[in-house]
Amino acid sequence: MDIAIADVPYDDGKTFKTRPALLVSIDGQQATVFKITTKYEEKSEAIKKFYYPIEFWREAGLDKASFVDTHMTYTLATEFMLKNPPIGVLTDTDVIKLFNFIKANQKDSV
Numbered sequence: 001m002d003i004a005i006a007d008v009p010y011d012d013g014k015t016f017k018t019r020p021a022l023l024v025s026i027d028g029q030q031a032t033v034f035k036i037t038t039k040y041e042e043k044s045e046a047i048k049k050f051y052y053p054i055e056f057w058r059e060a061g062l063d064k065a066s067f068v069d070t071h072m073t074y075t076l077a078t079e080f081m082l083k084n085p086p087i088g089v090l091t092d093t094d095v096i097k098l099f100n101f102i103k104a105n106q107k108d109s110v
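Per our numbering, residue 1 is the first one in the sequence shown, and the count goes up by one each step.
FYI, nobody ran anything at the bench for these hints, they're computed from the structure. Honestly, I wouldn't trust all of these hints.
[What the hints assert, rightly or not] With a cut-off of at most 25 Å between alpha-carbon atoms, the simulated DSS-like pairs for lysine-lysine come out as follows:
1) Lys43 x Lys64
2) Lys83 x Lys97
3) Lys17 x Lys43
This structure is a prediction, so every number in the text was calculated from the model and none was measured.
Turn these sequences into a full structure, and let the hints guide you.
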């Protein structure tokens with residue numbers, strides 16, 4: 001799973017922040033991503049439960065300890081997502097742990 005720098009919208013859908021994003025899928029002209037953040041400590045417990053801590057963040061090309069925010073995916077235009085090369089790749093270990101993290105959170109919310 002590639003990590004690229006992208007303009008990811010805030011939840012209001014009107015404003016954007018340039019940040020690392022984890023590429024989940026590409027379907028024609030649309031890319032689906034999770035945003036990646038370094039902000040964790042100041043978040044509420046309700047929000048923290050959706051933040052997967054990237055174990056091998058340096059190996060993934062990130063400068064700081066980071067988290068995949070799994071509370072929602074974002075759809076971006078592929079042309080903007082792919083205009084710059086990826087900055088890194090999530091390790092296989094983190095991909096498996098992220099999958100299990102999302103699966104466990106889905107089970108808890110049912």
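Hint check results:
As the CA atoms of Lys43 and Lys64 are separated by approximately 17 Å, the hinted pair is consistent with the 25 Å bound. Taken as a hint, the Lys83 and Lys97 pair is broken in the structure, with Cα atoms around 29 Å apart against an allowance of 25 Å. Among the hinted pairs, Lys17 with Lys43 is consistent with the structure: their alpha-carbon atoms are about 18 Å apart, no more than 25 Å.
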